[in-house]
Structure formats: C-alpha cells, structure tokens
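K.L.:
Residues per chain, in single letters:
There are 2 protein chains.
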Amino acid sequence: MKCKRCRRATAAVDLPSHHAAFCPECFFVFFHRQVGEGIRRFRLLSPGDRVLVCVSGGKDSLVLWDVLMEMGYETEGLYIDLGIGGYSDRSRGKVDAFARTRGKTPIVVDLAKEGTPIPEAARCVRMQECSICGTVKRYFFNRVAAEGGFNVVATGHNLDDESARLLGNLIHWQRDHLARQHPFLPEAGEGLVRKVKPLWRVTEMETAAYGFLKGIDYVTEECPMSEDATSLVYKEALSLIEDKMPGSRIVFYQGFLDAANPLRQEASGEASGNGPPEAGGTTTPCASCGAPTYAEVCAFCRIRERIRKRREQPPGRKSG
Amino acid sequence: MKCKRCRRATAAVDLPSHHAAFCPECFFVFFHRQVGEGIRRFRLLSPGDRVLVCVSGGKDSLVLWDVLMEMGYETEGLYIDLGIGGYSDRSRGKVDAFARTRGKTPIVVDLAKEGTPIPEAARCVRMQECSICGTVKRYFFNRVAAEGGFNVVATGHNLDDESARLLGNLIHWQRDHLARQHPFLPEAGEGLVRKVKPLWRVTEMETAAYGFLKGIDYVTEECPMSEDATSLVYKEALSLIEDKMPGSRIVFYQGFLDAANPLRQEASGEASGNGPPEAGGTTTPCASCGAPTYAEVCAFCRIRERIRKRREQPPGRKSG
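Going down the list, the protein sequences come from chains A and B. Using this note's numbering, you'd call the opening residue of the first sequence number 1 and step up by one each time. Using this note's numbering, you'd call the opening residue of the second sequence number 1001 and step up by one each time.
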C-alpha cells in the first residue's frame, strides 16, 4: 500500500481512524501536526515557556520530550526514581541514554533519598499504590518546577490514557474528577505550576509507532505495581469499541472536552465552562515543608511522616 | 454452594454483582424484588394501570409479562409481526404458546397487512433497519394503547440494554438522547402514551436465568436484521468491565439516572431535573392518519408512503 500523503513511498503505519496510511517521513509530519493541533486547541504551550517534561522511560514521555524539542520548545527532562528495584533501574537507563543522544542531562529525583520510595510507602499508607505514586510525583513536579524556574510541566498521557480515565470517571460518575479532567490544568497560586498533556490527541499505537520509527529505545514493561490497574480494563473495553468503530476514542474524548458539555461546566463551580477548568480555592504553605496545600500539612509530608514513624517502630510492631 | 437466602437448597444462580447465589425459589423472590424496586424508584406503574406489554417472543419481554402478571398488574400482550420471514413466524409461535399457558390471547399487529413490513421498508427508506423498526413499533404502541384503553406501555429492556445504550450515547455525546434516556417516559398529550421499562435494574443474565428456571420457552436467535447492531459492541465492552469489576453496570446506569446528573437536567430544558424527563413540545394530529406528531405528517405515514410509491413504480425503475 502506498503512503496516502506523498503517494510514492510504501505506507508503514495504517491509521483506520483517520482513513489514512503513511510512510515513516509523512507519519512524522502527521504526528507533529496532531500534537501541534492538541497544543493549539487549548493553548497548552507558548513559545516563551520553560517546559519541564516528566519522563518515566516509557514510550509516551520520551516521545513527548522528542517532539517538544523538535518543535523548538525550551525543555528539560525530570526523571523520578520510584525505588521499584530493577524496573526503576532499567527505566532510568533508558532516560539517560535518550537524553545523551539529545545532548541533555535529565534532572533526577531519587525517592529513596527523599524518604518515600513507593513500595515502602504502599506498605505504610492505606492508599492504592498508583494513588500514592501520583501524589508523590505531583509534589516533585511542583517543587522541581519552582526550584528550576519552569512555568509549565508536561506529561506524556495519550488519547488511550485520557479516554480510559474518562470512561472510568463516567462509570462511577465521579463528578469532581470529571470537572477537572482536561489536557490543560492552570497554575494555582504560588507553587502549583501549570500542567499540560500535549499528546492528548494521539493514540498509544501512534506514539509507539513514532517511537519505533524514530529509533527511540524505551522500557516496554508495565510498572510491576500497577499490573491490576483498573485503567487497563477501561482501555481494553475502549479498544474493543475502537476496533469495530475506528475513531470512537477521539470522538468520545473530544466531545467530552467540548465547552458546552455540562459535566465540564461544573469545573469552576459556575455555568460558564468555556474551555479548560479554572484554578479553584486558595492554598496555604504546608506547615512542614512550605509547599502549597489545601490542608494544614501537605499530602506528601503526611506520607513521609507515616513512613518515618513506621521505621522507628521496633520489629514485630508493624501494625497501624 | 448453598443458597445465600434460605441456606438450605443448593444455589442455582450465582450473582457476583450482588455477592449472592440463590436457589431457584429464592432467585424468584430476588428477581421480583429487583423489578419491584425498579418500578417503585420512579413510580413506573400504579395498581390501577392497564398495561400493554410489548412482547417480541424473546426472553426479556416474555419474562416481563410473566412478572407483571404475577405482581397482579392488569396486562395484555402486544405482538408486532415485523414480516421478517421465518424469524417472525417462530417468534409469534413462542408468544402464542406462552400466552396460552397464562390464559391470554395476544393482540397481534401484522406489518405486512399494514403496508410496512420491515425488510421492504428497509429497502425503500434511507434509514437504518433498527431505526425504521423502532419508529414503526412506537407508532403501533401508541395506536393499540389508544384503541384498547391502555394508559401505559411496558417494554422488556434490561440493564444490559440500557447501559449499552447509555455508553453509546456518551461515546458520541448525543445530548438530546441522553436527556431523554430514562425507564419512565411520561405521556405527551393526546395519543402519546406513557412508556416504562420495568426490567431496568436486572441484567440480561438474570432475565435469562428467570426465564429458564420458570420454563418459559422463548426465541434465542437474534433478529437477523440487527446482526451488526452497534449496541452489541457496547454490550460486549461493558461485559468486559463487569467481568473484572462486578456491579459496574448498575453503578454506571443508576449513577446516570441520579437527579443531580447534569446530563439529565437538560431533559425539560431547565435545571430542575428531579426524576424522569418531562414531556416536551406540543403535538398536532398527523395530516394523513391523525396520530399525534411533531411534524405535519407522522414518521410512520412517511415510511408507508415511500413503500407505496415504490410498489407503484414499473419493474426496472427501482432507484430513489
């Protein structure tokens, strides 16, 4: 099959949802346009931004970093070592290797040194692993951004991630989550940086194809702590629909983001709802670390404190 | 495994979403309670109602008729012969046989005699088969109800049907469909009868188990004209989620029906949204048949007219 764009080269990537198939070079053009359109649609980034790209070593975040650099944005990569044994070591290796080829050195946060390695946190705190991990990572996104003078944090969530999250939020009608789900989350006062998801219009398959054709080497294993993640079930259900009706995913997620969607209009607590959610509430400095929080002590410090107390308990008294 | 209710008999039906397993007798009690709760929740039926039960010969509608009779409601069954060859013949046979055991004679409408057999209609009208079929059936629900003095029409849609329809409406964000999707649709002026779905809280599996254990003989084949129906894809996607997370279906659909759901608040064009949708707009009599319609000529008459014109065309001029 010939490429639908240049009509000369052999097509390498088949995209039923776009009624198209592209050769590698034309696929890169297509992919850049999709990401560019995703950025423009909600003004995720501007030319003067200093962008902190959160890289895990997986395909999505490395592809994101690659694309943003190619688009000319000023970026640095942040790698958070979660302390999950061999998985974290292998992930860091991929991030280092990728950064080196682009003449970059990633900023690294080591959770073991910060007193909150995820496996130990999961044993000490009564929260789901993925939920703890999200809290800890958000804390460092904001802290590293503030320390390094970055005004925006970018993560590699793709269309499959976001549509699966949307489906889960709809199945359980989590209206507060629905009101806040968006590729653009504005900065909220001092220390809570703007967060954007520039890959929201591209699918997991498209990101994987881009990474493969660009020769980006990434970790393919899933995080061993998220193996039973419910998000995989929602992804599978949407894949089943997408296979039978190509294009369903983008129709679903883009339709949700429509300013007229009443589920999104609750974002700012009033019925305006034009575009991204507004920042809500007022933060105060955490009594322990000074980071902005809506509570007295921030969630990160509470997790770290639980781990510290547990470490001080004599062996055999591991309950509580 | 023992029955979770009587703790004596052997369980015959396993219900993970209810953390229960029942023997046949206790399952009948459970099933009646679920249907009863579904009726009570939105006041679908009252003791004085004359209920026209639409029966297709499939499990859901025959089970519905059985349960409503056992609950003491005054019911008659309406069978619409769609004119789909052997499938329609076999379906009618099941309806007749069931009705006979209950001392009833179904009311029968034969679409071939009415000039609108579905296969021919599908060839003449540029609409999806299922969509034409729905329009024609709704027309006769209202007409037979008016002629026979029934004040409510009941259909056998179960939780799987309704949750699949909800998912499809959400994927495409069909806000007008979402605003009107409800187990209770009020009567709308002269001739548009109240429509209810008393089985909205029970799953397809539960209905099938009830039918089987009650010895109700029904057609198991799907309608041959709906084989590729997209609703089956949404059902399959939700089954995948339900298998991994039992109870997801009822949480999803019941959460949607919550009066506070902003998607439902659009039903009456204002932000009240307490309970079922309000009847909207004003109907006028169809210029052709006199049935209530929001257009000049009702959708049924337009379909019948297209078929009549096509029949009058000389052979060989079959286009248009």
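Note that these hints are calculated values from the structure, not bench results. A virtual CB, placed ideally from N, CA and C, is assigned to each residue, including glycine. Take these hints with a grain of salt, some might be off.
[What the hints assert, rightly or not] So the derived label-pair ranges between C-beta atoms look like this:
| id | chain 1 | residue 1 | chain 2 | residue 2 | range |
| --- | --- | --- | --- | --- | --- |
| 1 | B | Asp1258 | A | Ser226 | 25 to 35 Å |
| 2 | B | Ser1131 | A | Glu187 | 32 to 42 Å |
| 3 | B | Gly1085 | A | Gly215 | 51 to 61 Å |
| 4 | B | Leu1232 | A | Ala259 | 28 to 38 Å |
| 5 | B | Gln1254 | A | Thr10 | 44 to 54 Å |
| 6 | B | Arg1007 | A | Ser226 | 53 to 63 Å |
| 7 | A | Glu187 | B | Ser1046 | 53 to 63 Å |
| 8 | B | Pro1314 | A | Ala259 | 32 to 42 Å |
| 9 | A | Gly247 | B | Leu1232 | 13 to 23 Å |
K.L.:
So, for every hint listed, does it hold in this structure?
P.N.:
Results for each hint:
Between Asp1258 (chain B) and Ser226 (chain A) the C-beta distance comes to about 30 Å, which sits within the given range of 25 to 35 Å. Hint check: Ser1131 (chain B) to Glu187 (chain A), Cβ distance near 48 Å, so the stated range 32 to 42 Å is violated. Judged by the Cβ atoms, the range 51 to 61 Å given for Gly1085 (chain B) and Gly215 (chain A) holds: they are separated by roughly 59 Å. Between Leu1232 (chain B) and Ala259 (chain A) the Cβ separation comes to about 33 Å, which falls inside the hinted range of 28 to 38 Å.
For the pair Gln1254 (chain B) and Thr10 (chain A), the beta carbons lie near 52 Å from each other, so the given range of 44 to 54 Å is met. Arg1007 (chain B) and Ser226 (chain A) have their C-beta atoms about 40 Å apart, which leaves the hinted 53 to 63 Å range violated. Distance hint check: the CB atoms of Glu187 (chain A) and Ser1046 (chain B) are about 56 Å apart, consistent with the given range 53 to 63 Å. At about 54 Å, the CB distance of Pro1314 (chain B) to Ala259 (chain A) disagrees with the hint of 32 to 42 Å.
Hint check: Gly247 (chain A) to Leu1232 (chain B), Cβ distance near 18 Å, so the stated range 13 to 23 Å holds.
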